[in-house]
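> Take a look at the letters that make up each chain.
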Amino acid sequence: AQSVTQLGSHVSVSEGALVLLRCNYSSSVPPYLFWYVQYPNQGLQLLLKYTSAATLVKGINGFEAEFKKSETSFHLTKPSAHMSDAAEYFCAVSEGFGNEKLTFGTGTRLTIIP
Amino acid sequence: EAGVTQFPSHSVIEKGQTVTLRCDPISGHDNLYWYRRVMGKEIKFLLHFVKESKQDESGMPNNRFLAERTGGTYSTLKVQPAELEDSGVYFCASSQEPLRGSQETQYFGPGTRLLVL
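So the protein lines, in turn, are chains A and B.
For the record, in the first sequence the residue sitting at position 92 is 92 according to the numbering used here, with numbers rising by one throughout.
For the record, in the second sequence the residue sitting at position 3 is 3 according to the numbering used here, with numbers rising by one throughout.
No lab work stands behind these hints, which were simulated from the structure alone.
All values derive from a computational prediction rather than experimental measurement.
Glycine included, each C-beta is placed from N, C-alpha and C at the ideal position.
You can trust all of the hints, since none of them are fake.
Label pairs and their in silico Cβ distance ranges: (1) B:41 with A:83: 24 to 32 Å; (2) B:68 with A:16: 47 to 55 Å; (3) A:14 with B:20: 41 to 49 Å; (4) B:40 with A:60: 22 to 30 Å; (5) B:12 with A:40: 15 to 23 Å; (6) A:109 with B:85: 21 to 29 Å; (7) B:38 with A:99: 18 to 26 Å; (8) B:96 with A:10: 28 to 36 Å; (9) B:83 with A:56: 39 to 47 Å; (10) B:55 with A:111: 36 to 44 Å; (11) A:16 with B:40: 24 to 32 Å.
Derived pair list, reagent style DSS-like, types lysine-lysine, alpha-carbon separation capped at 30 Å: (12) B:44 with A:58; (13) A:68 with B:41; (14) A:68 with A:58; (15) B:78 with B:41; (16) B:44 with A:69; (17) B:44 with A:68.
Required output: the full structure, derived from the provided sequences and hints.
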């Protein structure tokens, strides 16, 4: 079985500061990993995904995440927070081909302080 | 290209009533998924269609939930009779058929917010 742990249900950062959202996973097979974002009153939007190619994955809106197998982590970062980054972020894992269902973490709500 | 659409956006019903949620996937996407988020908890998988066939329904909570995808296009999720614990946000997602050894992106709809009173 797969699982995802997102440390910190709420994270606040100042505008212009580093954003770091933590995600640790558990998987018995090489995982596919995803970060999704949900802006208020909208659906889930894919930020980035890891599919066993490069371990450093760049996504939209300046976000990136690094796959670290030894730490079973896939933390999301952005060098400089913008007010428009305020949203809820979800980390997810899947086994890939043949079992593509996503297992999500509980989500992290990011607040940007002006 | 139109994204995944869901109807209704909100539904408020009383315990014991029936509600039907609809999802229209992106055109050409054979894979359709239903997920649910209950009261701020994690988003949980309900089931997966490949075209009109149920590939995996391991996440369906009980037999009060019935999902269909007639003709392999849109899908409906019926809850009958609804209970208080069914309240939450129901998401639909769709994706293309993956190649062996890969995983296609799942595109999500805006969700249906269901409140059972």
